[in-house]
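Enquirer: Just need the whole structure built from these sequences, with the hints factored in.
Number of protein chains: 2
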Amino acid sequence: MSAAKKAAVVGGGVIGGGWAARFLLNGWDVAVFDPDPDAEHKVKEVLANARRALPLLYDKALPSEGRLGFHSELASAVGGAVWIQESVPERLDLKHKVYSDITGYAGPDALICSSTSGLKPSELAAQGARVIVAHPFNPVYLLPLVELVGEAGDCAHAAETLRAVGMYPLTVQKEIAAHIADRLLEAVWRESLWLVKDGIATTEEIDEAIRMGFGLRWAQMGLFETYRIAGGEAGMKHFMAQFGPALQWPWTKLMDVPELSDELIDLIVSQSDAQSGHLSIRELERLRDDNLVGIMRALKASGSGAGGTINAHEASLPDR
Amino acid sequence: MSAAKKAAVVGGGVIGGGWAARFLLNGWDVAVFDPDPDAEHKVKEVLANARRALPLLYDKALPSEGRLGFHSELASAVGGAVWIQESVPERLDLKHKVYSDITGYAGPDALICSSTSGLKPSELAAQGARVIVAHPFNPVYLLPLVELVGEAGDCAHAAETLRAVGMYPLTVQKEIAAHIADRLLEAVWRESLWLVKDGIATTEEIDEAIRMGFGLRWAQMGLFETYRIAGGEAGMKHFMAQFGPALQWPWTKLMDVPELSDELIDLIVSQSDAQSGHLSIRELERLRDDNLVGIMRALKASGSGAGGTINAHEASLPDR
Chain A
29 MSAAKKAAVV
39 GGGVIGGGWA
49 ARFLLNGWDV
59 AVFDPDPDAE
69 HKVKEVLANA
79 RRALPLLYDK
89 ALPSEGRLGF
99 HSELASAVGG
109 AVWIQESVPE
119 RLDLKHKVYS
129 DITGYAGPDA
139 LICSSTSGLK
149 PSELAAQGAR
159 VIVAHPFNPV
169 YLLPLVELVG
179 EAGDCAHAAE
189 TLRAVGMYPL
199 TVQKEIAAHI
209 ADRLLEAVWR
219 ESLWLVKDGI
229 ATTEEIDEAI
239 RMGFGLRWAQ
249 MGLFETYRIA
259 GGEAGMKHFM
269 AQFGPALQWP
279 WTKLMDVPEL
289 SDELIDLIVS
299 QSDAQSGHLS
309 IRELERLRDD
319 NLVGIMRALK
329 ASGSGAGGTI
339 NAHEASLPDR
Chain B
29 MSAAKKAAVV
39 GGGVIGGGWA
49 ARFLLNGWDV
59 AVFDPDPDAE
69 HKVKEVLANA
79 RRALPLLYDK
89 ALPSEGRLGF
99 HSELASAVGG
109 AVWIQESVPE
119 RLDLKHKVYS
129 DITGYAGPDA
139 LICSSTSGLK
149 PSELAAQGAR
159 VIVAHPFNPV
169 YLLPLVELVG
179 EAGDCAHAAE
189 TLRAVGMYPL
199 TVQKEIAAHI
209 ADRLLEAVWR
219 ESLWLVKDGI
229 ATTEEIDEAI
239 RMGFGLRWAQ
249 MGLFETYRIA
259 GGEAGMKHFM
269 AQFGPALQWP
279 WTKLMDVPEL
289 SDELIDLIVS
299 QSDAQSGHLS
309 IRELERLRDD
319 NLVGIMRALK
329 ASGSGAGGTI
339 NAHEASLPDR
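Line by line, the protein sequences give chains A and B.
According to my numbering, the residues represented by the first sequence are 29 to 348, in order.
According to my numbering, the residues represented by the second sequence are 29 to 348, in order.
Rather than coming from a laboratory, the hints here were simulated on the basis of the structure.
The beta-carbon is built from N, C-alpha and C at its ideal position, and this holds for glycine as well.
Check before you lean on any hint, since a few could be wrong.
To be verified - Within a straight-line C-alpha distance of at most 27 Å, the following computed BS3-like cross-link-like pairs (lysine-lysine) qualify:
#1 125/A to 70/A
#2 225/B to 265/A
#3 33/A to 72/A
#4 148/B to 125/B
#5 328/A to 88/B
#6 265/B to 70/A
#7 265/B to 72/A
#8 148/B to 225/A
#9 33/B to 72/B
#10 33/A to 70/A
#11 202/B to 125/B
#12 33/B to 70/B
#13 72/A to 88/A
#14 88/B to 33/B
#15 265/A to 72/B
#16 265/A to 70/B
#17 265/B to 225/A
#18 125/B to 33/B
#19 225/A to 202/B
#20 70/B to 125/B
#21 202/A to 225/B
#22 33/A to 88/A
#23 202/A to 125/A
#24 148/A to 125/A
#25 125/A to 33/A
#26 328/A to 328/B
#27 148/A to 225/B
#28 328/B to 88/B
#29 88/A to 328/B
Stated by the list, open to error - Label-pair distances were calculated between CB atoms; the ranges are:
#30 110/B to 83/A: 48 to 54 Å
#31 310/B to 151/A: 45 to 51 Å
#32 87/B to 336/A: 26 to 32 Å
Expert: Okay, structure coming up:
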């Protein structure tokens, strides 16, 4: 009876598990390959979270779940799959080996996609494999964004599939290390390390500075649209004139990179324990997912951002 | 009959207007001083937005509005005020002049607070005025965060008042240019300018990369708590070990500052027009406010972040 499409998930960590859940809950069959004996357990934990949270985004039922299989051989995982998602560790030599193996077993029309957060398609394809970047964001089963980088036709094809499983594909115009979002995240991460190291703020205080202020703005509009409003009737040009000169001020420490010494790591770990240690990772995941569901459902009313993506996906689901 | 406390708002732009609305809608009398003949109009526009949005956060009625006055003399605006909020342009000489004038008219127990987004209290107080930083975030009538920097007793006193009007005071441990949040924003702004300049992404694509992904995470948890979850059961130490080495990668352009040439400004302005030009600033403000209300109401369920601040404020309001 199954006319379901098949996705292969190569690498079954938090990201691979998130991909598996996203496809499975949208009616695809999913085959997971990971030599780690603990992979099945990890994927099933992610899947339990996803089964709880993802359906809450929609006012219609999602498709019937596809079939989930765990494979000890790459060949059987990849065979017959039209989407092959690689989420192995960020080592180029390892990824090259994986693509070479996949290419031997994959059908000619299968899309091979990498979850890499930093590597460029030209680096990934250096040994001839046909692969594009499809970089998702954790939790993959809830957050819409996937950055696509690579050959235009493959990206367009991938975008169509991603929209069909409720995601938001963003095709990056030129390849660049770390694509778009992770470049911004990296900038914030470095600056935050300086703030902790210099004793300006703890990890908890930095988190509050984000989620009590601009984090709320960025869940629904981005940087530029927010600043356009700040410019008022005079618009973006006025804002640039006001804020631009600050670039010449010594406001950032990012001209340099803080050394990740054992002392700094221990400081961050102990501050993070003090901030969040009263909750287990599982409890934190559920809190995060409940909040994400609430926020994204709230955005359905206006159709802004993730709300628009959910509305479009919902409209494509059958009434029953 | 009025036992209402009085706040003076010195400088009536978008930020001053937001402060006026925050105090007024929480039952304070507010006196605005701004020599700009257009200030009354601007403040009343902000107030109209605030009257529409702020009450929607709560399931109880806010206090009866205080009285709003516009003053052509600083003396009458400041006299009798227990909170004096300065929001004039970011020029140190101008601010020194304003503090000197305020000090001549203010009562001995009045708190003088600056909305400065970048200057340090030691710079502001260089000529002997007693002033602390109370840096809010636009829209001031909805976003909870206020960064406090300055003398510990004054900051503690200010924090009490800010909590009473539904805000979230974050006292910064050491003074530093741009406090905390604006240092992070500045880092993202610079990196974004590079992405636009280098043709990697448009303003709209950068905004989507934010609001479809990590913006949703940051509305409810910050940077560190999110990464703690990403580390999984192995925790923050594991995450640091995984992600830390990326700091040595050439992932950011922030080692340098892009020149804000006319070409770059025009590019950003035209991309911003293409992205958001179909909506007026007033329409964008209402869309933003509707989304913020929806998001913050969603967070009331878990009590995370802004949701917790609203719940605490609501509990302090009388039933009627």
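Enquirer: All the hints need checking, so say for each whether the structure fits it.
Expert: Now for the hints, and whether the structure bears them out:
Under the criterion of a C-alpha separation no larger than 27 Å, the hint pairing residue 125/A with residue 70/A is consistent with the structure, at around 24 Å. Between residue 225/B and residue 265/A the alpha-carbon distance is near 16 Å, which keeps this suggested pair within the 27 Å criterion. With a CA separation close to 20 Å, the supplied pair residue 33/A and residue 72/A stays within the 27 Å bound. Of the pairs offered as hints, the one joining residue 148/B and residue 125/B holds, with about 16 Å between alpha carbons and a cut-off of 27 Å not exceeded.
As the CA atoms of residue 328/A and residue 88/B are separated by approximately 25 Å, the hinted pair is consistent with the 27 Å bound. Of the supplied pair hints, the one linking residue 265/B and residue 70/A holds, its CA atoms being roughly 19 Å apart against a limit of 27 Å. Between residue 265/B and residue 72/A, the direct Cα distance comes to roughly 24 Å. Compliance with the 27 Å bound is thereby established for this hinted pair. A C-alpha spacing of about 19 Å is found between residue 148/B and residue 225/A, which places the hinted pair at or below 27 Å, so the restraint holds.
The straight-line distance between the Cα atoms of residue 33/B and residue 72/B is roughly 20 Å, inside the 27 Å bound, and the hint therefore holds. For a cut-off of 27 Å, the pair hint linking residue 33/A to residue 70/A stands: about 23 Å separates their Cα positions. The straight-line distance between the Cα atoms of residue 202/B and residue 125/B is roughly 25 Å, inside the 27 Å bound, and the hint therefore holds. Restraint check: the Cα-Cα separation between residue 33/B and residue 70/B comes to about 23 Å, which is no more than 27 Å; the hinted pair holds.
Distance restraint check for residue 72/A and residue 88/A: the Cα-Cα separation of roughly 24 Å lies within the 27 Å cut-off, and the hinted pair is therefore satisfied. Straight-line distance between C-alpha atoms of residue 88/B and residue 33/B comes to about 21 Å, which keeps the hinted pair within the 27 Å bound. Distance restraint check for residue 265/A and residue 72/B: the Cα-Cα separation of roughly 24 Å lies within the 27 Å cut-off, and the hinted pair is therefore satisfied. Proposed proximity of residue 265/A and residue 70/B is supported: the alpha carbons are some 19 Å apart, at most 27 Å.
For a cut-off of 27 Å, the pair hint linking residue 265/B to residue 225/A stands: about 16 Å separates their Cα positions. For the given pair, residue 125/B sits about 26 Å from residue 33/B by alpha-carbon distance, which is consistent with the 27 Å threshold. About 12 Å separates the Cα atoms of residue 225/A and residue 202/B, which keeps this hinted pair within 27 Å; it holds. Note on residue 70/B and residue 125/B: the hinted pairing holds, with a Cα-Cα distance of about 24 Å set against a maximum of 27 Å.
Distance check on the hinted pair: residue 202/A and residue 225/B sit about 12 Å apart at the alpha-carbon level, within 27 Å; holds. Simply put, residue 33/A and residue 88/A have alpha-carbon atoms about 21 Å apart, close enough for the 27 Å limit, and the pair holds. Our distance criterion of 27 Å between C-alpha atoms is met by residue 202/A and residue 125/A, whose separation comes to about 25 Å. In summary, the hint linking residue 148/A to residue 125/A is supported, as the alpha carbons are separated by about 16 Å, within the 27 Å threshold.
Proposed proximity of residue 125/A and residue 33/A is supported: the alpha carbons are some 26 Å apart, at most 27 Å. Annotation: proposed proximity of residue 328/A to residue 328/B holds, straight-line Cα distance about 18 Å (limit 27 Å). Straight-line distance between C-alpha atoms of residue 148/A and residue 225/B comes to about 19 Å, which keeps the hinted pair within the 27 Å bound. Between residue 328/B and residue 88/B, the direct Cα distance comes to roughly 14 Å. Compliance with the 27 Å bound is thereby established for this hinted pair.
At roughly 25 Å between alpha-carbon atoms, residue 88/A and residue 328/B fall within 27 Å of each other, so this suggested pair holds. At about 52 Å, the beta-carbon gap between residue 110/B and residue 83/A stays in the expected band of 48 to 54 Å. As the Cβ distance of residue 310/B to residue 151/A is approximately 47 Å, the hint placing it in 45 to 51 Å holds. Separation of residue 87/B from residue 336/A is about 28 Å and conforms to the stated range, judged on CB atoms against 26 to 32 Å.
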